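2 protein chains.
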Amino acid sequence: MTDSLARRLTCIDCGAAHPLAYLLQCERCHGLLELTYDLDRLRRDGPAIFTGTGLWRYAPVLPIADPAHRVTLGEGGTPLLDCPRLARDLGVRRVLVKFDGSNPTGTVKDRSSATAVGAALQFGYRATSVVSSGNAGSSIAAYAARAGLRSLIFAYERASAPKLLHMAATTADLIIYKGVYDDLITLWDRLVEEKLFFDCGASRNAYKQEGKKTLAYEIAEQTAWVPPDVIVAPVAVGETFIAMLRGFREMREAGWIPRVPRMVAAQATRANAIARAFREGTAITPLKIGYTVAEGLAAGNPGKKGDWVLRLLREEKGLAGDAEDEEILDAQRRLARTEGVWAGPTGVATLAVLIRLLARRQLEPAQTICVIISETGLKTEAEVPSRVGAAFDYDSLRRLVTERLPAK
Amino acid sequence: MTDSLARRLTCIDCGAAHPLAYLLQCERCHGLLELTYDLDRLRRDGPAIFTGTGLWRYAPVLPIADPAHRVTLGEGGTPLLDCPRLARDLGVRRVLVKFDGSNPTGTVKDRSSATAVGAALQFGYRATSVVSSGNAGSSIAAYAARAGLRSLIFAYERASAPKLLHMAATTADLIIYKGVYDDLITLWDRLVEEKLFFDCGASRNAYKQEGKKTLAYEIAEQTAWVPPDVIVAPVAVGETFIAMLRGFREMREAGWIPRVPRMVAAQATRANAIARAFREGTAITPLKIGYTVAEGLAAGNPGKKGDWVLRLLREEKGLAGDAEDEEILDAQRRLARTEGVWAGPTGVATLAVLIRLLARRQLEPAQTICVIISETGLKTEAEVPSRVGAAFDYDSLRRLVTERLPAK
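Chains F and H, in that order, are what the protein sequence lines are.
Residue numbering for the first sequence follows our numbering, beginning at 1 and increasing consecutively.
Residue numbering for the second sequence follows our numbering, beginning at 1 and increasing consecutively.
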């Protein structure tokens, strides 16, 4: 097994290099940090450097040095589904669905939870914490339990029932909070500074974010190193988007792939600070937001990561879009009915954004387009269909069936 | 890619051979049929005959001949988790958790849905149907949608909300029924005989059941062809149990594994017809059953498949056990808290049975024991914890956190 090729933390603003310690910002300018790797080694060894299955197959490009710290619940290795029926429906040459709802807790968050909790072990922490709308909380709690660590999970009182139940089952320390996320996170960040627990939030921890980079490596490998032309990724504060883009850049620099796919940042219209700034060519104005069905995308103030997303979009000639809640719910049903993939609103917002961008001719349909579906539909709390059942005898059953069957 | 090595259907009662047609029972004696393969070829070629990932990696030992019929949502390839903390907790040498909740619709059913819908394509059907408590219905609907087939899904009116929602999203033809499952299935079986749709039920279709055999092949491969000493598998009518055991027998005959693991049939006490008959050394007496939290195990009359399970248990010196609902819910929480794996009651009944068998010294703890966890916890409909949230200021937040943290 190859060691981790992570070599340092680099400031994304001033470029200052830092050792591989538990640092949440640049010591010189307070900018965000990202991990940098020995790409020469990647170039020299090629993809044969990867062994095993799942997320830790990509351990050489992840920052967890000791295999004993590589905590796993079997995350990663999720399906990349060719969807000809959906493609025809959308009038696109080829549509690929990357279904990350198949992860252990049903979301893409498991990728970053694996590296977050791995890093907590690496830096000797015994407790983790996160403030969550639901998905991150249940994922961090699960990985912390798997590693034998405590997890203090702060969950919003309006989190969906399946998510609350999942969190309560997995951690002994679930704390339900009332009030605005942004206010709580400000207080919580002070405790992070005091190092009372390991930071498993999305805003600053480079080690945590890194796990999501494996999405890019997986997609590249699943397409035999010729990745799709376009990838539509969900953006709340931007972890998945940033991590994927950097994964593709690493592979391009290593000479593994011919080009970086065009990255599309997908948001909910009700939390579209980044998409709006991109369209208007301005800086991000934080939004006061209400409820969106895409709960995991409900970030009104994406902070420094949002600025980073915007910079990457402009550097790489990316694209950003958003979709209304009704469009998201429509896309959810459409994906289930045409391809059998049941995703949650948070997970399927990308498809809704794709549909809108195609309708507005902002994307060229003669391409291969991959949508990241980041969440299973099984966490969806929605009205269930009528439970009024019918009793049948043979005749009524036969009549019902023959009426519904397609003509031979 | 190697072709399917399926050669015929064989009657489990009289041994009569039948061609690979769509047959649901022996034409001579009405016994159940099972698929038989060219095992000489397996012996000669060895495991290198398998290529690719997921369920269809095992296509040579599955009965779907044409690759175009091998419908997939990315099922199979689920994690086999070494659980040292749980093992210590249970006083067992080694515990492996096979987590089939990572399948696309969150259950082991996806394995059999892939081969069921594949067989529907193979035999030219355009509609499928199943009568379900929830998991099978959403899984068959998803795979039928993926294949472009219709699916008539009969769901019990008391199915859990997440399962109903999932089914309603995935099929246009969800029919909610009232009354007893066993009564409806009798009528429905007559429509199967009329060939109005393809039989996606668990009671007779050998092609459907076959998908679950991949669990055995995966576990064998994941343990480098030295499978665990004991495997605890859930049993409603017995598909998973029967299919896994036959997979292990095939591998033993092919000389790939030294021995067949000891198979334990796990049931809910409230639906324990098979476990009871095994203990008492009698034939199965069908039970009138009520509700059990292990919804997917709620079969009071397992029919001919139940007899088959009992025969296999006696032939292979297996073991059967059951667990009360409270024990199942306790095992659910225990698995989540000790290893981070969130499973539904249907999925975790195996662990509850294992705990009981260990307590009664019916299993030797100095062994490697694998439990099949067949369902994600995300489909669980249960009371959510209190949603009464607290508001925090810095001092109250800090106090709460420091009180909960482990001592350094």
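What the hints contain is simulated information worked out from the structure, not anything from laboratory work.
Since this is a predicted model, take the numbers as computed values, not measurements.
Cβ atoms here follow ideal geometry from the backbone N, Cα and C, with glycine treated the same way.
Be a bit skeptical, because a hint or two may be false.
[Said to hold, decoys possible] One side only, chain F facing chain H, incomplete, derived with CB under 7 Å:
(1) A145
(2) A161
(3) L196
(4) A336
(5) V401
(6) R404
[As the list claims (entries may be wrong)] No farther apart than 25 Å at their CA atoms in a straight line, the calculated lysine to aspartate or glutamate pairs in the DMTMM-like style are these:
(7) K178(H) x D393(F)
(8) K195(H) x D395(F)
(9) K195(F) x E34(F)
(10) K317(F) x E34(F)
(11) K178(H) x E34(F)
(12) K178(H) x E383(F)
(13) K288(H) x D393(F)
(14) K178(H) x E403(F)
| task | List, from low to high, the hint numbers that the structure doesn't satisfy. | result | 11
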